[in-house]
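Heads up: the sequence shown is residues -20 to -1, 1 to 662, going by mature numbering (1 follows the signal peptide of the UniProt record, and there is no 0).
If you are wondering where the hints come from, they were derived from the structure by calculation, not from laboratory data.
Hints may be right or wrong, so weigh each one.
Stated by the list, open to error - Pairs of lysine-lysine, BS3-like flavour, derived with a Cα cap of 30 Å:
hint : residue 1 : residue 2
1    : 184       : 130
2    : 134       : 177
3    : 177       : 99
4    : 184       : 134
5    : 134       : 54
6    : 129       : 99
7    : 99        : 54
8    : 134       : 160
9    : 177       : 160
10   : 129       : 177
11   : 99        : 130
12   : 160       : 99
13   : 177       : 130
14   : 129       : 184
In this text, all values refer to a predicted model and were calculated from it rather than measured experimentally.
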Amino acid sequence: MRRALAVPLAAVLAASLLAAADPAKSPPPPQGDAVEVSVDAHAGLGTVHEAAYGANAAIWDSHMNDPEVARLYKRARIAAVRYPGGSYGDLYHWESHTAPGGTVAPDTGFDAFMGTVRKAGAQAVVIANYGTGTPEEAAGWVRYANVTKKYGVKYWEIGNELYGNGHYGATWEADDHADKSPAAYARNTLEFVRAMKAVDPTIKIGAVLTIPGSWPDGVVAAGDSANWNHTVIPVVAPEIDFFTVHWYPGTSIPDTTGDVAGLLASPPGLAEMLAQVRADVAALGGRDVPLALTEVASNIGRNTHAAGLFAADTYLTALENGVFTVDWFDTHNALEKVGTIDGETDYQDIGFLSLGQCADGVCEPPLNTPFPAYHGIEILQTAAGPGDSLVRAGSSQAKVAVHAVRQADGDLAVVMINKDPGTAYPVRLRYTGFTPSGRSPVTYTFTRGATALVRAEHGDAYTRTLPPYSITTMTVRAAKGPKPAPAPGTPTARAVPGGVTVSWPPAGPTADRYEVYRQTGTDTVPLGTTRGTSLTLRGLEPGASYTVNVLAGDRAGRLSRPSAPVTFTAPTPQDSTCAVRYRVTQGWGRGFTATVTVANRGADEVSDWTLAFRFPVAGERVSSGSGGTWTSEGQDVRVVPNEQTRTIPAGGSVTLGFVGANEGAYPSPTVFRLNGTVCSTL
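Using the sequences plus the hints, can you model the full thing?
Okay, here's the thing in structure tokens:
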């Protein structure tokens, strides 16, 4: 077992005393039905990056470089710290340490910041000033950081939320460029990239994207031919190293009456949003560019226990879905409005450490006291560290979120988050591709009202009871045995006539064969076996999405850990008698418009037709349509023509349109059927 966490003895005793309160005063919580938890170690979701757990720091924060901050970063293994602070990135001039129009606190300069980063054992993520700066200024910062001072700053972003520069009507982000369009941002970003990499070609540079379901994603402004993402991605993808997105579920302003249950239910929606961004990047940029979630927090219950549950679930969800660093916004912020939400005092302070401020006769905890969000991040490093492999896990209870990690030393950690504030849940665990030893697992828990994590070592690998509103990490030791072959390298997929060929780098001389598995829900299904390093998959469902892993088997029959996943869409038939082009034409965060063009490739006209398709995610639906009569049931949509579109002549086409509504992601359908025939997708 590994990653033992040093928890202060006094804090553990205090938490234990709370837990051991008089049963007459604290009756045991009601217990729900047993929850089935499944972990499939064959279903790999990627590797935990060295910069996985991150936070934001800001130059207006006079306590950003307190020694206690560095200590708390290190305790939670915060490995990436972003500077100089959100929108201040487009105000800040590093050489003069000024931010015209903003507040700059004493002792917050770049060198002081790097001192804190180094003490914490972390690395910096630096925002180069796009809005009021120049490529030359950014290149000078790279030179100072990595040549003069030899800090080795690896990660740089070109500006912050530049879509808030006024081009779409809102002006929270400073931008002095005469042309504030996404096309201008894309062109200018390449100038920044080239100037900065001329100084240090080893750095990694990120560009700004919007996240689906959040304004202004999907908006096409006057004079533009496409929205922000569809404009920026094709231009910068060939030269950029990663893209950044931000996510703040809840209302756009601090909320003291919000839907906490909705907040806790939101991370699966983040997975859909990230999948849509990655699909757009692959389609428009021609390659898989990593993502960074460089700002995330909630506007609901910021300082309540729910924020801790949300933080833990969100970090792991993002890491499972192609994000290499997740950075909480932010370390310190400010008391905004004292209220009660979810039965707890909420200071509406978005920072995860207290500033010790007071308002209306109510004071925050003392300076640098961790809020629950900090503990929600802190507990993750007891389960998952750099180099560990994320694997798929699932739960039969919607209020119990589950994540799993195959640790580098062979053990397996399960992270279970009980989002029910009043019910304890017994869980029964089953494992695929992993055999537990007979030793008791090591657990860490974070429960409501606790100020520290509590460690225990008891029970077995198959049963556990989750307290209400809790995070539990359970590390299960692996049964001893011979080591299998190493995992194969990252696979790729390409369409070929009649199927898709998946290829991968070899796993080494002990690999006797390779097995390809498809992830389906929380399980895996074998698709084929080969002794080579590629396999053509046939008989795929047209338009269906496939996520597959490759495992190496040795001569004794032992299987390796899974490769990194590859996701692809099975091609639709190119020789179909019909073809469909689906295009989103406009969006506004919670709604969109789309056109659907249906082409008749057959020799005869088609009359009185029916077109059917299915939205990929449950949050999409048709609100109204034109060109026919639209009906929908759940994610399934059907349209029949009106008098004007009743007949599609041979070689001709008709175009329909609809207004859609979305809650979060709104990916495009991938398979269309005209009178039951699967059409080619254009």
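Hint by hint, here is what the structure shows:
1. 184 with 130: Given that 30 Å is the threshold and the Cα spacing comes to 16 Å, the pair holds.
2. 134 with 177: 11 Å, holds
3. 177 with 99: This hinted pair holds, its Cα atoms lying about 27 Å apart.
4. 184 with 134: It holds: about 6 Å lies between the C-alpha atoms, which stays within 30 Å.
5. 134 with 54: Holds - the C-alpha atoms of residue 54 and residue 134 are around 19 Å apart, at most 30 Å.
6. 129 with 99: Holds - the C-alpha atoms of residue 99 and residue 129 are around 16 Å apart, at most 30 Å.
7. 99 with 54: 8 Å, holds
8. 134 with 160: 28 Å, holds
9. 177 with 160: 24 Å, holds
10. 129 with 177: Answer holds: residue 129 to residue 177 is near 17 Å, not above 30 Å.
11. 99 with 130: Judged against 30 Å, a Cα distance of about 16 Å means the pair holds.
12. 160 with 99: 39 Å, violated
13. 177 with 130: Holds, because 15 Å separates the two Cα atoms, which is no more than 30 Å.
14. 129 with 184: 18 Å, holds
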